[in-house]
Structures are given as structure tokens and as C-alpha cells.
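For reference, each letter of the first sequence is one residue, going 1 to 684 in full-length UniProt numbering.
Hints may contain errors.
Stated by the list, open to error - Straight-line Cα separation of at most 16 Å, EDC-like style, residue types lysine to aspartate or glutamate; simulated pairs:
1. Lys186 with Asp428
2. Lys651 with Glu611
3. Lys591 with Glu528
4. Lys351 with Glu408
5. Lys186 with Glu137
Note that these hints are calculated values from the structure, not bench results.
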Amino acid sequence: MTLQFWKPGTVGPGSNLDRATEIEGNVVASAPLSSQIGRQAQREGLPIFKHRNELLYCIERYGVLIVVGQTGCGKTTQIPQYLYESGWASSGSVIACTQPRRVAATSVATRVAAEVGCTLGDEVGYTIRFEDVSSKERTRIRYMTDGMLFRETMIDPLLSKYSVIMIDEAHERSIYTDLLLGILKKIRRKRPSLRLIVSSATLDAVSFQNYFNSNAASPDESVIVSLEGRTFPVELAYLSEPTPDYVAKAVEVVWGINNHGGPGDILVFLTGREEIERCLEMLADLLPRAPRGSPVLVPLPLHAGLSTEAQLRVFETAEPRHRKVIISTNIAEASVTINGIKYVVDSGFVKMRTFNPTTLLSTLTATPVSIASATQRAGRAGRTSSGICYRLYTQSSLKTLAPTTPPEITRTDLTTPILQLKVLGIDDLMKFDWVTGPPAESVLRALESLLSTGMIGQDGRLTPVGEKVAEFPIEVGIARMLFTSKDYKCGEEILTIAAMTAVQDVFVIGDGAQGALAELERRKFTAEEGDHLTLLNAYNAFTRYGKSSSWCKSHALSFRAMSRAVSIRAQLKKYMARFNLPMESCQGDAKRLRKCLVSGYVRNCARWMAEGTYRSVRGNMLLHVHPTSVMFTRKPRSGWVIFHEMEETKKTHIRIITEIEPDWLLEYGHKYLDRRTGQEMSTT
DNA sequence: GAGCACTGC
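When you get a sec, could you build the whole thing from the sequences and use the hints?
Right, here's the structure in full:
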């Protein structure tokens, strides 16, 4: 790891990547930056010996260190060790390093434990949901998910056991990263001895610095440090003309590489399963026409919906004279790293979910990637040697791309996060020091929803039940449902339903005949009342038959999803015990169960219109039943349903649906405040 | 009669 002062425009080595990133460089270069550290150290008469010491000097001198470095520069593994060796973890304090993903936290911890020469969980450990491999007494370097550290602030608001907190991959701007940064800035005002390291991509470094320096009392709170890593140059190629069909174009490019390019595997970025399958079909059609002497092309799909074993196939080394071509979603951009990739083919699109606070509708649409994303994708070709990235768009369209992807906090339902901030005593949300402020409408709607469900009072303060609900590691509505299960005496079943709705892709659907077979299997669990009870049946069958993976396979269930549901259920059960919520069974009384469901889904009710379409009670939107629902083929006798979620893709779909009686809605007495008139609106 | 990018507590 080499420490360098930050220079605008030096994102990565290699001629072409440099040229391409000049656009990125210019964005950053508009901010005045120089080698501040060097000057500061000189002024204070401090000698700079080594890179490592420079870094340690910076953490001593500045409260917040913004570290810019490419993947592979060792920042995640080395910086915590430097701090540890130089005494930052003495007298019982801990160095934390957060990751946005669980796998990253575990794999990095494993590696660092080996480097330090200790058993994982001793001096070096990790903490993720359901897995705490760390010791309260012995662990000095602790890798964890950002969500876990956020949760810890609810128990220890000053995070007093930590001396240094490193927020890694901060440029990804996960919602927990953003919430944490806001809280950590606040904590540092009360506890200036706490040091912060924010690891970021070049593009975002200045905005992070501005964020931390915006405090008038300490205008030079932070400093940017750049680390040089070992990556290889990636040559960029663009289309001269835009393409109307990037899937077909990707096939063409892959075919061209295979027949004329040197050795090395290919990674193609498309947006979703449907495109991936179309691409695989087109490649399969071409395979018999391969010219003699060219490598045998081995196309492999990669997306989150695949089983674990299908996902693992992309890591297998291709046989001699074979060439892997991995057709992937965005999962390969940051979550999954495959070695040996020499060529990247980038469609330039990604599916992004955006929440509309006015309609409460999430939209999932293919949108152009940001420059940051495009750079990250290209970098996937240069991890082990130099590579080439074929971008399926024109070079001139680069300037129409956004520099970075909008942070998750601007695109998501804030009901649960805002409830959690309230637990931390952050009541005035408009005044909270956000890294990026969420849309005002999102905040208002979240508050409105918290008010209407009794989580906060008219004064905006938490109610006693709100305080408890906030602690549950699950959405507000579902947590609330767990509380009302006491009244309906159905804690046992509601808990299972809560866990099952929290995992996705429970039923494995293949294509063609396999899919039809899976459909038949799924019908075995089907409950008359709808999907929630169907999920309950599936879970109960899973436990009855010994929670086995082979049983799942023969019943078209995802073993991964089911096991996760078991963990979530066990965790939620502990919270239920803590709040004295009884684990009673409804003894097959589905009516009680459904009434309880209504309490959690007051925002999500709809009325039957015609042929698989509904109108939402709120907003009168046209809704289509998702084909995976057991309600897809059936009309609710009462004409009314509640649903777990709605999402707009080509149509607006509702998923996980249960039939209810309309008077249950009234019985529950939920009312919404009309924001314009201040009048209470009935739900009917 | 037709479909869901990716994470996290």
C-alpha cells in the first residue's frame, strides 16, 4: 500500500482508463485541493518518515480521514492493523470497520486474523446479523456490517468502546452508511477523541470532506488521503453509433472477442433475468457456428435469483481451450468478484428501485448507469492483468451520465429509518445533518405513516409502543403486527409470517417444464385465504420435514431462503419474549390471523375490480396481481385484500396477498390525516 | 395467464 497525496484526475493507471476518467477527474478538480497533509505536517514541524507514519499522523491530527483508494490497495485490511499496532486499541478500546455487505465483513476479518496470526474471533473478529464471531474482552479489530453498527448506536449512543471507526465503501451510500455518518458527526462533537475514517471513491471524496468541514467550529476537521493500489490498465472501447438492442449487440461483441481476441474470460453486464436468458439463448444459437480453432464458449448466467450452486459455477476455472462468458446483473459490479476476467461488456444500464413517497409506490426500471458505476464495471477487467471494456454506448453519451448513483436514502421508504432515528433522540429531522438530505416529501410521508399507526404522537415524539417497535429488526408495519398478535392470540403464526415475508424468492421457479412442475409443488402449500397463509404452510412443512435441503429441492422451495426465515424467526422470537408478547397459537383460526395481518398492512389494502386487477384504497391506483401469488387466478369472495408490497415494473404489481373483510379495516379504526385539510380520512 | 436489480437489521 502506497500513500499518495491526492491529485485530481489520477483515478487509475493505464492510458485509456485515464482518458475516460478525465471526465470524472474534472468534476472533482473543480474543488480546490492540494497536499494539505504535507503542508500541515511541515507547519507543525513534524517529520514524515514513511507512508504508514503519514497515515498515522493524519489520524492523530485530524478527526476525520477520507481515504481514497482502489480495490486491491489494501485499505480495508491494512489500515485497521496499522492503528492496532500503533496503540489505537489499547486500554480496552476497539477499532471498528464497517462494510455494506455481510460476505465482505466475514471474508476480510478472516484474512486479517490470518495476517495478525490470531484465531478469528480473538483479537480480530466480525459481527453480522445472526453471527457474532468476536469477543467482548479480546477483540480489538472488529469488522461488521454498517447496519450492525447503526443498531449498536441504539444501545450505546456515543459508541464509547470504539476509538476509531472506519466506514468502508462509503461511496456506495447504503442507507445505513448515510445514517451512520450523520450520527458519527454528531458523536464527534460530544466525543472528539473518536476518530473516523471514511473510505470512498475519488468522485465522492470532496463531498465527504465538505460534509465534515461544514461545521464552523472545526472547518478543517477532515483531510483526504489517496492510496495507490495495484490494478492494471483497462482499455475502453465505445460504439460509434448507439444501438437499439444492447442484448443483441452484447452477443455480437462476445462472439467477436471469442473469435478474434486473446485468452481471458468475459463478463457481460445486463439489467435482469429476462435479458440474461435472452442473451444466453442467442449465444446458444451461435455456438454451433463457431469457427474452427476459436475457444469453446461457455456461457453462464449470474443473478441473485439463482441457487447457490448455480452461482458458484461462475467461479470454476474453464477447461483448456474453453472461455467463460458470464452474463450477469449488477451483482458482479460490487457484490461478487470473479477472477480471470479480461473483457467486460457493459450495456450501460442497471435496474434501479426508486420509492415515490406520494404514491407509496416503488418503481423498478432500467436506467443508465452513473459514471462511477461504469468505471467500477470497467475495473472488473483489470484485476489480474490489463483488460478491455466494451461499452455498448457512444463515447459522447458519457457526458449525459450522472457522476454518481443517487444515494439510497433519497430513493427509499424512510418510515423505519426515521422511527429508529427518533429512538436516538433525533426528533427534528429537517435539522438533522444529512450527508444528502432525503426528499422532504419522503420525510413527511414517513412521519404521517408513523403518526397514523400510533408510533409517534401529534407532538412528533415516540409513543411507548413506538419505542419498542423501533427495536425490532424488521419493517414497522410487521413489527406492529407482532404487537397486535397479543390481542388476537396468534403470536406463533404471525411470527412465522413475519419471518417469511422478510425473505424473498421463497419459491424457486424455473423456466419451461421445470417451472410448471414448481408451480404444482407450490400448490401443495396453497391456502384458500391467500399468500400469507401459504407461506405459513410452507414454513411449517419445512420444519416438519427436518429442514432439509433435499426436501426443499423436491418441493420447489429455496433452501437458502427457508434457512434464513428460520434465523429471522428465531431472532424476532427473542424480541417477542423481551416485550412479553405471548407465543400463542391461533389453533387454525385463520380469521383471527387475518385480522391481525390487517393491523400491519393498513397502508396496503385494495379492492377487487376485474380479472386480476385491483384498485388501491389509498390513491385509487390500478394494481395487478403478481403471477407468483396464489390470488393470481382467484377472485376474493369479499372483494378486499391486503398485500405485502407493490412495485411498478411494466405494470404495477402487488405481491403476497391475503383476502380480508372490509369491516376489519374499520374495526381497526385506522385513519389517515389529509395533509391539505388536516381532516381525518377514513380508509374506505 | 405471466414475472423480480442489489443490499441490510
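Comparing the hints with the structure gives:
no., hint, in the structure
1, Lys186 with Asp428, "holds, 14 Å"
2, Lys651 with Glu611, "holds, 15 Å"
3, Lys591 with Glu528, "holds, 12 Å"
4, Lys351 with Glu408, "holds, 13 Å"
5, Lys186 with Glu137, "violated, 27 Å"
Violation of the numbered hints given earlier is confined to hint 5; every other hint is satisfied by the structure.
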